[in-house]
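Enquirer: Sequence:
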Amino acid sequence: MAEISYCLIDFLQLQNRGVVLAVSLIALAIWDTVLLWCAFFYYAIRKLPIAINSDSLNILMPWFHPFSQIANTAATWCVVAITWQRFMATRDPFRTPRSTAMVHSFRSERRISFMYCSTYRRLLRMPIALSVGAVLLNIPAFFELYNYMCYKAEENRIAISVRPTALRLQNAYALYRLISRMIAVSIGPNLGILILTLLTVFMLRGSNRTRRQMFQLSDHFLDRNASSYTIPKSSNPQIFRLLLEDRLSILSSTWHQALALNDNNPGMRILYSILRRQPTLFTVFRAPNLVLYANDKVGQVEADMKSLLTNGNAKSFDPLTNIKYVEEAQRITTFMGELIQMMKDGKPEEVSDM
1 MAEISYCLID
11 FLQLQNRGVV
21 LAVSLIALAI
31 WDTVLLWCAF
41 FYYAIRKLPI
51 AINSDSLNIL
61 MPWFHPFSQI
71 ANTAATWCVV
81 AITWQRFMAT
91 RDPFRTPRST
101 AMVHSFRSER
111 RISFMYCSTY
121 RRLLRMPIAL
131 SVGAVLLNIP
141 AFFELYNYMC
151 YKAEENRIAI
161 SVRPTALRLQ
171 NAYALYRLIS
181 RMIAVSIGPN
191 LGILILTLLT
201 VFMLRGSNRT
211 RRQMFQLSDH
221 FLDRNASSYT
231 IPKSSNPQIF
241 RLLLEDRLSI
251 LSSTWHQALA
261 LNDNNPGMRI
271 LYSILRRQPT
281 LFTVFRAPNL
291 VLYANDKVGQ
301 VEADMKSLLT
311 NGNAKSFDPL
321 TNIKYVEEAQ
331 RITTFMGELI
341 QMMKDGKPEE
351 VSDM
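Sequence positions in the sequence shown follow the UniProt record's numbering and run 1 to 354.
Source of the hints: derived by calculation from the structure; they are not laboratory data. Among these hints, one or two may not hold up.
Okay, the calculated beta carbon distance ranges per label pair [said to hold, decoys possible]:
(1) SER249 to THR280: 36 to 42 Å
(2) ARG205 to GLN170: 45 to 51 Å
(3) GLU327 to THR280: 18 to 24 Å
(4) TYR151 to ILE52: 19 to 25 Å
(5) SER253 to THR334: 35 to 41 Å
(6) GLY133 to PHE335: 57 to 63 Å
The C-beta atom is built at its ideal place from N, Cα and C for all residues, glycine as well.
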């Protein structure tokens, strides 16, 4: 249980970073714990210096046997999955999954548990798939042992004992069990772990070698290419002006295109994006004065946030019919147009004396 506790602590600390690995470690800890308990009751409990009813252990023996096989298979493949995740993180470190859910905007005690479950639910698919595969592979293990009544001469009583079934004693099934467990539990997973580990080590060595060469040759590259960056100081203002004019022409054409695509008022879309990031600003457009804005209820704010994030609800908030919203959007459009025009004219903003 200590392994599970440590993995849960790591999972809560990592959150969005390394969550996939944390889920795999939790699954590995759970199956290792099940395997240890099954091995304890299957092998070690009879060696303890305490009085234990052998009939009870023999009754449970046909159940501990398959569950120990399932736990062993699942734990082995969890190690393979962790090795694969490490290999993928080394091969392509910039494609790690990231959650796009707006968790930080809804840190309420009623919603936090549901949002974490919906965010990390897809990460549980691989451990669940491995567990289901381990159960399916070891279904025949439930029919390998059975209980029967026998006479125990040393205790002079009728006792319950365990013996293998006819399925376990068949040569064909014994061959199938040997080959399947060799491929799926022992040789196959260990060979995969070995290959993935070697590939990971080779990739790390290659990346470290490349990084070391880059640091060693950085000074040489700077000295060799320094001549291409030596520009006379007198030409710096002209070059800066040419570059600025080029950027301004691109910015101006982009702004005119935005005006054409948004009915000469792109501020509506800009303000909508601002409200999506700061939903508490809804009250500014809904409340008629500052007193109502200060006394606004949290429930109405949450309703408006839900309305906007679910692409609108006309009964709650309609940007097209809200006068304040349209006015602020028009101010944003006017400000952006004046700013681009001032940049093109090269004149600073005139500040009137108060």
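Enquirer: Please name the hints from earlier in the document that this structure breaks, with their numbers sorted from lowest to highest.
Expert: 5
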